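If you're matching them up, the sequences are chains A and B in order. The first sequence begins at 1 in the working numbering and counts up one residue at a time. The second sequence begins at 1 in the working numbering and counts up one residue at a time.
Calculated directly from the structure, the hints in this document are not laboratory data. One or more of the hints may lead you astray.
Claimed, not checked - Restraint-style ranges between C-beta atoms, simulated for each label pair:
| # | chain 1 | residue 1 | chain 2 | residue 2 | range |
| --- | --- | --- | --- | --- | --- |
| 1 | A | P117 | B | V85 | 32 to 38 Å |
| 2 | A | H12 | B | V85 | 29 to 35 Å |
| 3 | B | V85 | A | Q22 | 37 to 43 Å |
| 4 | A | H19 | B | D310 | 26 to 32 Å |
| 5 | B | K314 | A | R39 | 46 to 52 Å |
| 6 | B | M136 | A | P107 | 56 to 62 Å |
| 7 | A | V171 | B | V280 | 18 to 24 Å |
| 8 | B | N165 | A | S139 | 23 to 29 Å |
| 9 | B | I137 | A | P108 | 34 to 40 Å |
| 10 | A | R17 | B | K314 | 28 to 34 Å |
Said to hold, decoys possible - Stretches of chain A that chain B covers, calculated by requiring three or more beta carbons in the stretch to come under 8 Å of a beta carbon on chain B:
| # | region |
| --- | --- |
| 11 | 68-76 |
| 12 | 88-101 |
What the hints assert, rightly or not - So the derived list for chain A, only partly shown, Cβ under 8 Å to chain B, looks like this:
| # | residue |
| --- | --- |
| 13 | L54 |
| 14 | R79 |
| 15 | Y84 |
| 16 | G154 |
| 17 | K212 |
Please read all numbers here as calculations on a predicted model, not as lab measurements. Note that CB positions come from ideal geometry on N, CA and C, so glycine has one too.
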Amino acid sequence: MTNPLLSVRDLHAYYGRAHILQGVSFAMAPGEVVALVGRNGAGKSTTMKTIMGLVPVSSGDVAFNGQPIAGREPFEIARRGLGYVPEERRIFSELTVLENLAVGERPPRPDAPRWTPEQLFVLFPNLGRMRERPGGQMSGGEQQMLTIARTLMGNPKLVLLDEPSEGLAPVIIEEMAKAILKLKTEGLSVLICEQNLHFARLVASRALVMEKGVIRFDGAMETLMTDHSIRERYLAV
Amino acid sequence: MEFLVIQSLNGLASASSLFLVASGLSIIFGVTRIVNFAHGSFYMLGAYIAVTIIAAIGGQDALGFWTGILLAALIVALIGALVEVVILRRIYAAPELFQLLATFGVVLMIQDITLAIWGPEDKLGPRAPGFRSFVMIMGSRFPSYELFLIVVGPVVLLALWLLFNRTRWGTLVRAATLDREMVGALGVNQRLLFTSVFMFGSFLAGLGGALQLPREAVTLHMDLAMITEVFVVVVVGGLGSITGAYLAAVLIGLVHAFGIVLFPKSTLVLAFLVMAIVLVVKPYGLLGRKPSGHAARGQAIPEPLLSPADRPTKLLGAAVLAVLILLPPFLGDYGVTFMTELVIFALFAASLHFVMGPGGMHSFGHAAYFGLGAYGAALAVQWLAAPMAVGLLISPLAAGLAGLLFGWFCVRLSGVYLAMLTLAFAQIAWATAFQWVEITGGDNGILGVWPSEWAKPKLVYFYLALALAGAGIMALRHLIFSPFGFALRASRDALLRAEATGLNVQQLQWAGFTIAAVLAGLAGGLFAFFKGSVFPTYLSIPKSVDALLMVLLGGVQTVSGPIAGAFVFAGLEEQLVRITAYWRFVLGLIIVLLVMLFPKGLAGSVLAWRERQSGDRS
Numbered sequence: 001m002t003n004p005l006l007s008v009r010d011l012h013a014y015y016g017r018a019h020i021l022q023g024v025s026f027a028m029a030p031g032e033v034v035a036l037v038g039r040n041g042a043g044k045s046t047t048m049k050t051i052m053g054l055v056p057v058s059s060g061d062v063a064f065n066g067q068p069i070a071g072r073e074p075f076e077i078a079r080r081g082l083g084y085v086p087e088e089r090r091i092f093s094e095l096t097v098l099e100n101l102a103v104g105e106r107p108p109r110p111d112a113p114r115w116t117p118e119q120l121f122v123l124f125p126n127l128g129r130m131r132e133r134p135g136g137q138m139s140g141g142e143q144q145m146l147t148i149a150r151t152l153m154g155n156p157k158l159v160l161l162d163e164p165s166e167g168l169a170p171v172i173i174e175e176m177a178k179a180i181l182k183l184k185t186e187g188l189s190v191l192i193c194e195q196n197l198h199f200a201r202l203v204a205s206r207a208l209v210m211e212k213g214v215i216r217f218d219g220a221m222e223t224l225m226t227d228h229s230i231r232e233r234y235l236a237v
Numbered sequence: 001m002e003f004l005v006i007q008s009l010n011g012l013a014s015a016s017s018l019f020l021v022a023s024g025l026s027i028i029f030g031v032t033r034i035v036n037f038a039h040g041s042f043y044m045l046g047a048y049i050a051v052t053i054i055a056a057i058g059g060q061d062a063l064g065f066w067t068g069i070l071l072a073a074l075i076v077a078l079i080g081a082l083v084e085v086v087i088l089r090r091i092y093a094a095p096e097l098f099q100l101l102a103t104f105g106v107v108l109m110i111q112d113i114t115l116a117i118w119g120p121e122d123k124l125g126p127r128a129p130g131f132r133s134f135v136m137i138m139g140s141r142f143p144s145y146e147l148f149l150i151v152v153g154p155v156v157l158l159a160l161w162l163l164f165n166r167t168r169w170g171t172l173v174r175a176a177t178l179d180r181e182m183v184g185a186l187g188v189n190q191r192l193l194f195t196s197v198f199m200f201g202s203f204l205a206g207l208g209g210a211l212q213l214p215r216e217a218v219t220l221h222m223d224l225a226m227i228t229e230v231f232v233v234v235v236v237g238g239l240g241s242i243t244g245a246y247l248a249a250v251l252i253g254l255v256h257a258f259g260i261v262l263f264p265k266s267t268l269v270l271a272f273l274v275m276a277i278v279l280v281v282k283p284y285g286l287l288g289r290k291p292s293g294h295a296a297r298g299q300a301i302p303e304p305l306l307s308p309a310d311r312p313t314k315l316l317g318a319a320v321l322a323v324l325i326l327l328p329p330f331l332g333d334y335g336v337t338f339m340t341e342l343v344i345f346a347l348f349a350a351s352l353h354f355v356m357g358p359g360g361m362h363s364f365g366h367a368a369y370f371g372l373g374a375y376g377a378a379l380a381v382q383w384l385a386a387p388m389a390v391g392l393l394i395s396p397l398a399a400g401l402a403g404l405l406f407g408w409f410c411v412r413l414s415g416v417y418l419a420m421l422t423l424a425f426a427q428i429a430w431a432t433a434f435q436w437v438e439i440t441g442g443d444n445g446i447l448g449v450w451p452s453e454w455a456k457p458k459l460v461y462f463y464l465a466l467a468l469a470g471a472g473i474m475a476l477r478h479l480i481f482s483p484f485g486f487a488l489r490a491s492r493d494a495l496l497r498a499e500a501t502g503l504n505v506q507q508l509q510w511a512g513f514t515i516a517a518v519l520a521g522l523a524g525g526l527f528a529f530f531k532g533s534v535f536p537t538y539l540s541i542p543k544s545v546d547a548l549l550m551v552l553l554g555g556v557q558t559v560s561g562p563i564a565g566a567f568v569f570a571g572l573e574e575q576l577v578r579i580t581a582y583w584r585f586v587l588g589l590i591i592v593l594l595v596m597l598f599p600k601g602l603a604g605s606v607l608a609w610r611e612r613q614s615g616d617r618s
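Excised from the complex, chain A in its bound form:
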């Protein structure tokens, strides 16, 4: 990759004394949608949190847009155009939909798509129908859409999307997949953590397979889908 948007090299991170990331390395090109898959506890979420600065980097490098970001604070990393959508959604439950979006709002940047609440309501029509509803009174699927929309309000170049399909009904998952593909055509890059291979295959062309804190496979989604042995070794429960 000549000019990667995100490059992670030999990343290590700990939770207390537990060594979670044991040398994670990969890179992403601009405009790519990449799926990060692996069993529970493989370190997928921790990879995202560490890139975002929410878990301290113990060693290794992270570069975004050619600039080193390891050791920076989450808000600085977010301001450089990295959006983070957490697994638990973390909607501000007592704030309305519009207020949730307002918290995510950042000035536009020249090299990324620019979002307004109205554009986001086109992408997620459900949200447009409940602008004044408190986040705590929304369904799981609606909250998931809101948390993505909230991150998009920061006009990011790359979004780290942690398990967007978790706990959602199949119909909603399909809607979500459509929205992500739409984002891809807008020129947004997405790194998506997924347990649901079916969903990952719908949106991503490339896959990273993680096991015990390292990347074991880095290649085309189709290769992963056809190579039974990789899935057997790293994904089967």
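With the hints as your guide, set chain B onto chain A.
Same frame as chain A, but now just chain B:
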């Protein structure tokens, strides 16, 4: 009818300042999760600074007066920013109790700085231009400034509502109250947000203080008097709810206004009754909600496992005991006196450790039980001519009864809520001792509480104290490693799981709270006969903080820590008083530095260091 109206108006007027300070405290707590003890000090500074500024710019005309009030509030906001940037920013990750303690260190420092700048005399502020007259209400003269204050409360409430619901800053503050980490991940500079919130809260406190000028004299006691009432208001209204703070301020204001006429000596007790009733009906206050989601998680630091002393520790303990038994006969009177104080404080600290460590209840008012024990003994001697033995029996009994009563309310809450409630109870106990002059002698205390003839020699009394304190400490240790102690720790570490295994957590904690009170009471009784007198200071906040410092110095996570902490601390304060008139400032500084340098406590820092060492080796 006239009485009702006038007293209601009085109540509403005093509610306004209370509301300004309480809302500031609530806003700061919402975002930073710090209960700022120094908020009462900011209120006091607002009043002092306003006096000086108005005098300097000549506040006889309206412009000068109101400019002075506003400038004073702004200066207090800057002082708040300074405190946040220099101290609090470094301790956001520390346990709640350490944060509370650090802000109390700030209280002590501000007290002495105020004393140094403005001197010990009370200051009288100017009357407000345009509001110097009276209004006739139902045939009574009612100060027009009071009417002005009545308006201030709802106006500020409305302004706050607009600020939080109609501005981006307000939206960010509300979001940060719910999940501050997520706000950071969305690109908001939390540091800036925290500092601005702290400034704003301090501004409100400063304004509240400055607006009091035309009403009452400015004194050095305004800080703790106000913070106690504010804690009551915030607990009653619901922490984090601005509207709740206003309702509670009005309620407490009215209780005071009527109480001061109907029961002049029991105003604080009345406030306590109101608080008790509210908490029984709504444990999280009038408009408060049970904390949930990310806000409720806090920074849970896993408590290390307590284990019975290993062989070397046991040998060390035996050696210390041997020294305590064998050494005193060779010491002079001064030495024996000093060691008597040490063993009494060790028992006091051990009882607080029991409720805080294994009990997991952060008491900020443990002196209440120490003091009630002391008063129990002294009152028995004074009014019943009881001998020492009876007095020492009444001490733990009196404190235990108070523990039963106060504990019943306390165990219904947890975390900072519980800490504020214990503090409020302690202040009520203090106020009773202070105000009920006929029985307690008020500020003059009770003198002539001497031991029986046989225990009068200092050495004999030392051995008596050692025997009783030693027995108390051993009993606590025994309890910690008994099934009761295990159940108590299980309740602390995993409330829901403990309940699911069939433990009655509230009852366990209630029992733990009462046991700690009983032993603190015994320590208080021993202290009363040791000093020969009792004073309201035995129940005061600084006394509670002394005990906290002993426990935190030694470390909450160890059983013998508080005993060591008591030994280290007991000398410190006495020496400080001797060295400098501004000992409060030095003590406050020491507290703040301790918390900043060892945010996990001395023992916690040692444990963390040990862990790193073993981690490096593996």
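How the hints compare with the structure:
1. P117/A / V85/B: 32 to 38 Å: Because 35 Å falls inside the window, the suggested range holds.
2. H12/A / V85/B: 29 to 35 Å: With a Cβ separation near 33 Å, H12/A and V85/B satisfy 29 to 35 Å, so the hint holds.
3. V85/B / Q22/A: 37 to 43 Å: 38 Å, holds
4. H19/A / D310/B: 26 to 32 Å: About 30 Å separates the Cβ atoms of H19/A and D310/B, which means 26 to 32 Å holds.
5. K314/B / R39/A: 46 to 52 Å: About 48 Å separates the Cβ atoms of K314/B and R39/A, which means 46 to 52 Å holds.
6. M136/B / P107/A: 56 to 62 Å: Hint holds: Cβ distance 59 Å, inside 56 to 62 Å.
7. V171/A / V280/B: 18 to 24 Å: 48 Å, violated
8. N165/B / S139/A: 23 to 29 Å: This hint holds: roughly 25 Å between Cβ atoms.
9. I137/B / P108/A: 34 to 40 Å: 59 Å, violated
10. R17/A / K314/B: 28 to 34 Å: Once the Cβ atoms are compared, 29 Å apart, the range 28 to 34 Å for K314/B and R17/A holds.
11. 68-76: Our answer is that it holds, as 3 residues pass the Cβ test (under 8 Å) against chain B, meeting three.
12. 88-101: Three-residue rule met by the region 88-101 of chain A, so holds; n is 7.
13. L54: Nearest chain B Cβ about 6 Å off; hint holds.
14. R79: Check passed: Cβ of R79/A comes within 5 Å of chain B, closer than 8 Å.
15. Y84: 5 Å, holds
16. G154: OK, holds: G154/A within 8 Å of chain B, min 5 Å.
17. K212: 18 Å, violated
Violated hints, listed in ascending order, are 7, 9, 17; each of the other numbered hints is respected by the structure.
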